[in-house]
Each structure stands twice: as C-alpha cells, then as structure tokens.
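Participant: Sequence:
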Amino acid sequence: MITLALPWFILSTTMFISIMLIMSASSWFMIWLSLEVNLLAFIPLALKKHNKYNAESIIKYFLIQASASILIISPIFFHLQSNSKISYLITIALMLKVAAAPTHQWMPALIEGLSWPSTFILMTIQKIGPMLLLPIFMNSYITYIYIYASILIGSLGGFNQLNLRKILTYSSISHMSWFITSMAISYSLWWIYFTVYMMIMATITLTFHMLKAEILPQTLMYNNSSSNIIFSLSFLSLGGLPPFSGFIPKLMVVRQLIEQPSLLLPMTLIMGTFISLFFYIRMLYSYLFAFSSTLTFTMNFHKSSTLLDFINLMGLLSVPLLLIWM
1 MITLALPWFI
11 LSTTMFISIM
21 LIMSASSWFM
31 IWLSLEVNLL
41 AFIPLALKKH
51 NKYNAESIIK
61 YFLIQASASI
71 LIISPIFFHL
81 QSNSKISYLI
91 TIALMLKVAA
101 APTHQWMPAL
111 IEGLSWPSTF
121 ILMTIQKIGP
131 MLLLPIFMNS
141 YITYIYIYAS
151 ILIGSLGGFN
161 QLNLRKILTY
171 SSISHMSWFI
181 TSMAISYSLW
191 WIYFTVYMMI
201 MATITLTFHM
211 LKAEILPQTL
221 MYNNSSSNII
231 FSLSFLSLGG
241 LPPFSGFIPK
251 LMVVRQLIEQ
261 PSLLLPMTLI
271 MGTFISLFFY
281 IRMLYSYLFA
291 FSSTLTFTMN
301 FHKSSTLLDF
311 INLMGLLSVP
321 LLLIWM
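Numbering of the sequence shown is given in UniProt numbering, commencing with residue 1 and proceeding in unit increments.
You may find that some hints are simply not true.
Said to hold, decoys possible - Below, computed lysine to aspartate or glutamate pairings styled on EDC-like, alpha-carbon distance capped at 16 Å:
id, residue 1, residue 2
1, K60, E112
2, K212, E56
3, K48, E112
4, K212, E259
5, K52, E112
6, K85, E36
Honestly, the hints are just simulated from the structure, not real lab data. As the structure is a computational prediction, the values presented were derived from the model and not from experiment.
The whole structure should be built from the sequences, with the hints applied where relevant.
Facilitator: As structure tokens, this is what we get:
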C-alpha cells in the first residue's frame, strides 16, 4: 500500500507545484515548462494497468496537449512580432488545452477510458494552469466565439447520453463558458466559481467512484431512497438550480454582466443554463421514477450509503451555509 501511495503523492505534489509555478513565473519559457511538468505528472496518475482503452485515451490526451504546447511556444521560435497574431495563437492553444468549444472534440472521445479520479482531475485541476494564463492573451472577438460555442454545444451535447462521463464532459464544456466569462470579469470571481464547481464535481465523481457506476442505468440499481434523492439534487446543483451551491457563482457572474450595456451575453448564458437544467431534470425524472413504486422511504443506514449522503450534502449546501454564516 505504501509503495502505491508514495508515487501518487509525489506526482500529485508535482502537479500542484507546477500550478504554483505558473502563477508566479516571470518568464514565458518557465510558464510553458510548468505546463509540461503538469502534463507529465498527470499522465502516470491517469494510467491503469491492463486496460487498452485507458492507454489509448492517455495517448490521445498527450498528443492533444503536446500540439497545444507547440502552439504556445511557437511565437518564441518563429519570432512573431504581431501582438494580435500571438494573442490569437495562444488563446486558441489554451482553449484547446481546456476543451472549450469548438476545440472540444478530443475530450468526449477519450473520457470513457479514464477512471473517476482521473476524470475529476482532468475536468478541474488540469484546467487551472491554462485558465490562469487566459487573461494575458484574451482577445474579445475570439473569446466571445468560445463563450457562445461552449454554452451551446455543452448544453445540447449531453442530450441522449447514457455514459456518465460524457454527461459530465458536456457539462464541463458548458461551464467553460461561465469560466471564461468570470475570468474576463476578475480573477477573484473566477476563483469563487471554479472552487464551487470543483466541490460539486468532487462529490459527484466520488459518488460514481464508490458506486463503480459507468452508465446511467447502473445508478438505478443503487437501492437507497435517501441517497438517490440527494444524489439527484447534486446534479441539479451542478446545473445551477437555486438554492444549491451551483447557483451562487452563476448569480454573481450575472450580476456583474447586467451592468454592461449589452444583455446578449447574460441572456445567452442563462438560456444555456435552462437547457442544461431541462436535460438534468429529464434525466433525473426517469431516475427518481424508478423508485416511485415504493411510497415509503426505507432508510438503510449502512456505512457506505451514509458516507455518500454526507459527501453529496456537503457539495449541495456548503456554499449557501457559508454565505449565511458570513
């Protein structure tokens, strides 16, 4: 057990150190090098033994990230002098790294080969470095393209999906539009939004990991009524339904946007959220309907189910309770 835990600890520590270096580096080469260290630390964490689909996914991920890294470092080697050209090139590379639409196609293609812990890292921690660099090169024209494309494709792409990882993938693409918008407003607002998103994703992916769930019908076999309801509400929190945690950062972003002359962007984000919520509600309606034949809720207080309930409740209510306490 110790031999397995030590490499995991070293690689995880390396990932977090690389993120700190990205935040504090003063040279462009050091930033690029930190991104590569972060990538090389994640790949061994994501590998699973005797799984060819996992190996294929990791190879795809490495090739995509390496291609984006070439675009990031190319201005140095090709001596590009135009600030606009550099801005466009690096913005596209960073958006490719975080799987923002329309440069998102690689993520749904490889996500099925990853474990749930690796899925969580890919959708959260691996986005931090590129997102921190985005405001430096953010171009308003190309940024709007990615915002509108991400909210549209992310909201509609999850329809008719049964694979849980793909559902969360399209949800992540939809949230990318909010990430980019909040980052364009301020770093602090982005950190708040991203922290809440990480908390919700941690509860959902940990639940799937403990249940060993891969597709939606598998979650129907978990016969615990209280856990089923709380788990369903976690998805609604991810979609931004009030009064759960996911609603709070969206409200903060919209409040900043409505002070701008144009209301097109906030209205588009809100409509995209409604589409996502419709998808979640439709999905969870059939999920909860499977248990409607039993009118009484049987509370099975097993150790595992109680832990799942606690994990999901923390993701649902931690932010609203913190705001009330403050």
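Participant: Could you run down the list of hints and mark each one as holding or not?
Facilitator: Hints and how they fare:
1. K60 with E112: Roughly 12 Å between the alpha carbons, so the hint for K60 and E112 holds.
2. K212 with E56: Judged against 16 Å, a Cα distance of about 21 Å means the pair is violated.
3. K48 with E112: holds (13 Å)
4. K212 with E259: Violated, at about 45 Å.
5. K52 with E112: holds (12 Å)
6. K85 with E36: The given pair, whose Cα atoms are some 23 Å apart, is violated under the 16 Å limit.
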